[in-house]
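As given, the protein sequences belong to chains A and B, one line each in that order. The first sequence maps to residues 115 to 819 in this note's numbering. The second sequence maps to residues 3 to 193 in this note's numbering.
Hints are supplied without guarantee of correctness; some may be wrong.
Stated by the list, open to error - Mimicking PhoX-like on lysine-lysine, the simulated pairs with C-alpha atoms at most 25 angstroms apart in a straight line are:
(1) B:Lys36 / A:Lys289
(2) A:Lys262 / B:Lys36
(3) A:Lys547 / A:Lys624
(4) A:Lys262 / A:Lys289
(5) B:Lys96 / A:Lys138
(6) A:Lys505 / A:Lys457
(7) A:Lys289 / B:Lys35
(8) A:Lys770 / A:Lys457
(9) A:Lys517 / A:Lys441
(10) B:Lys35 / A:Lys262
(11) A:Lys457 / A:Lys479
(12) B:Lys36 / A:Lys138
What the hints assert, rightly or not - Cβ pair distances, simulated, as ranges:
(13) A:Arg741 / B:Leu169: 51 to 57 angstroms
(14) A:Pro399 / B:Leu169: 49 to 55 angstroms
(15) B:Glu38 / A:Arg337: 37 to 43 angstroms
(16) B:Asp171 / A:Glu376: 50 to 56 angstroms
I should point out that these hints are in silico values taken from the structure, not numbers from a laboratory. A virtual CB, placed ideally from N, CA and C, is assigned to each residue, including glycine.
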Amino acid sequence: MIEAVMVMLGVGATCGAALSLASKIFYVYEDPRIAEVEGLLAGANCGGCGYPGCAGAAAAVVAGGAPPGVCVVADMETAVAVAGVMGIDPGTMEPFLSLNTCDGGNRAEDRFEYMGVNTCQALSALYGGKRECRVGCLGLGDCIRSCKFDAIHMGEDGYPVADETKCVGCGACEKACPKSILTVRTMSQRLLHFNQQDNALAPCQQTCPAEIDIPTYIDCIRRGDYEGAVDTIRERNPLLLTCGRVCPHPCEDYCRRGLAEEPVSINQLKRFVADYEMNSGSRLPIPCAPDTGKKIAVVGGGPAGLTCAYFLRRLGHGVTIFDMMPKLGGMVRYGIPEYRLPKKVLEWEIEGILDLGIDHRPNVKLGADFDIQSLKDEGFDAIFLGVGAWKDYSLRAEGEDLKGCFTGIDFLTRFAVDQQSAEPARDIPIGRKCIVIGGGNTAIDCVRTLVRLGAEEVSIVYRRTRKEMPANEVEIVAAEHEGVQFHFLAAPTRIIGDDQGQATHLEYQKMELGEPDASGRRRPVPIEGSETLMETDMVITAIGQGPDVSFISENSDISSLGVTRWNTIDGDPETLQSNIPYIFAAGDAYTGASLVVEAIGGGRRAARAIHLYLAEEDVVPVPKSLRKKHIPESLFERVEGLRPSKRAVMPELPVKERIQGFEEADLVLAEKDALAEASRCLNCCRLCYNPDLQISSEQPAEESA
Amino acid sequence: MGDYLVLAFSCVLINNILLAQYLGNCPFLGTSKKMETAVGMAFAVVFVLVMAGLITWVINTLVLVKFNLAYLRTIAFILVIASLVQFVEMFLKKSIPALYAGLGIFLPLITTNCAVMGVCLINVNEEYTFLQALVSSFAYAVGFGLALILFAGVRERILLARVPRPLQDTSIALVTAGILSLTFFAFRGWV
Ligand SMILES: Cc1cc2nc3c(=O)[nH]c(=O)nc-3n(C[C@H](O)[C@H](O)[C@H](O)COP(=O)(O)OP(=O)(O)OC[C@H]3O[C@@H](n4cnc5c(N)ncnc54)[C@H](O)[C@@H]3O)c2cc1C
Ligand code: SF4
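Work the whole structure out from these sequences, hints included.
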């Protein structure tokens, strides 16, 4: 007996000694912080964070692979303590949340009986799926089983729904879902997502410069979820009331329904939900990430500046907008006239953005009242320039400074400022026979404004033909209805005045279309000796505008800021960062005179770059960026099996009534028309798979409508 | 030489530790859901089993048999194997970090693998020589890995099969294990 005890003790002691010796010999230096961090974590060893137990999570934190807030059980204090051990900024600690990003369309019937194990994994490996639904969800709930926190349940329509209050953002559902239906991202990550080459994107969404998820918001409308539609649009575009009214909707040109009949009226639907929110009397809440303590100066409060400020604020940064005008909105306020975008509407929209906690300093001009150095002295970490294009190009023709001659932007802003002042002075003399030179939006807005101001005869003189006019088509049509006369292929040569210096005639030369040039366009060429005189007492030249970059004067602190030969600010097209790393630019100041949506897309893109810059990360382009390109396969060319349906007609005020004043001319769709219009969307390119096609190719897939 | 081949053959196939001797069934069911984990476990077992087989053989011959204490085998082996796994873990972490990272979580799991204990006891009961013990430990471990990987492959396929509801998941796994075991019985009588 004693022997046995001795031997066991001996073996035990030897093992112990060998092990302790080994632990000395094979000692591997382990960061003492690992133990420290582990001590702080909840100690539940639940694996909810995705690491093998608390020790694994601690090691990952110390290795920099996991954020201080890795522990899904612990609270904010723990995260701060962990960040303390690591000597890092706890960051904004924005929570990761699971979201079903599929659009929840109609689920088609089951196509065959499946008897295997009821998991999505198996189904997807075998056939790609059982059902043919619009988004590819298999509906067997692997995500629900994978969630340790009981945060996902199957929604009424057979799609998983994540419960935000229970979700801890562990990412288990994302891993479990074989179809990438559920994604776990922070709000910031979602807001900063840009179209990528491998995303499932409808042609319209690929075309939209602001990259709005069009099929999703249309589907929300179809289901009567107007608030969901507003939220969907707001993830990409904070100016939905404005865009819903003035956007020339390039997306509709790419609408696949347009191949067979008329395209979906995407923009009227946007206006419908935007107006719905405004008229509902309450604003939908807009969440913002926790404060980061960083400060950004946004110079210029037009669409680009407002969008950039809006996204930066939602990402948790502090934003101040500096603008030279008394009120925000830029060209949208001082260029686009009241009858197209009532100021009341714009006011409501901008108020919602400023309410997020954005400061506004009016009546200060960059280059005159403050400069870049003063912004840096005030402690701004980055600067966004969205100063727009406010300088009219001049005609370079004799007689331009005669009495009765104006330039487009100058005329419109002067008029708008006066109209919006408390006591309008109405001191701009309006002629009887007015001529506007140019073919863009500015020219059309000038003529339609003149019509409303009581001018007897209003004409447009344009160098090319109607087809080449860059103005929005609906605007041109409206101007025609309102009695504006169009003179095409007419190039003004000089303005003739009387002895009092008052303009009396416009001389123009007739043009004809010449041989097609390299771009295939037929350039207008003057016809010798065809000079003609037109009687007039007011001439407005609206032949285009460019940015006013005079603030980059020689001796200023940013004299090295790169400027292109069109006077626009130079910068990387993907990040919109200028050659001075803390300065970013977008909107008309970057692109030259363009569109509101373009400025909005640019503003968000710049917000992404600024966010990266402030986090001291590399300001890199969006990976696999699809900016301004299309996925070739997604532009399918035949649409079959459509039940014909008419595009909703935009309600308008009758011409007689609308030219009497500045009442809004275009009206909003009625609810029943909006619902009918929403059901016309084909939800293109969202069909992930078609089991019939994969299993047997006998039966061709029909376009799901 | 021939003897060793025969020994190896019988350890891998005829007396397969999992399917003929029914040892080590918890990792057999537990780590066979995915091919990846099955392969990891298989390699970890090969590694530890060879080490454990040899050391326990040495302890048995030099200590237990000498002092006539064969009845202490089980408890002594438990102690030795547990320490060995710990030791191996430390050693690998220091010297071959890549292998350590590869085997990962499977290494500590082996402490509780009865296949390891079983093989050590078999080696001693059969009164193998040192070399025979080496071959048998290695061959049993390979047999373990073979069965585990085969089983994992089958289970991955089963996911895709039409399995009646009452038989789904673990029950079909057990049925499959039984059939797999039957096929291994076909090797009976070869040697
Ligand atoms: C008459 C007219 C009609 C248009 N119609 C349409 C339309 O129907 N649809 C459409 O999509 N687009 C239309 N556009 C184009 C659209 O308005 C612009 O593309 C868009 O407003 C550009 O936005 P932005 O933020 O880049 O610049 P802006 O809107 O021009 O804003 C620039 C802002 O910067 C401020 N600013 C400028 N310089 C300084 C400085 N030095 N210091 C401080 N602040 C400064 C200005 O006060 C202004 O608030 C129209 C443009 C005009 C002129
Ligand atoms: S049918 Fe719908 S999804 Fe397809 S391009 Fe038109 S609006 Fe976009």
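Next on the checklist: Need the list of violated hint numbers for this structure, in ascending order.
Outcome noted: 9, 12
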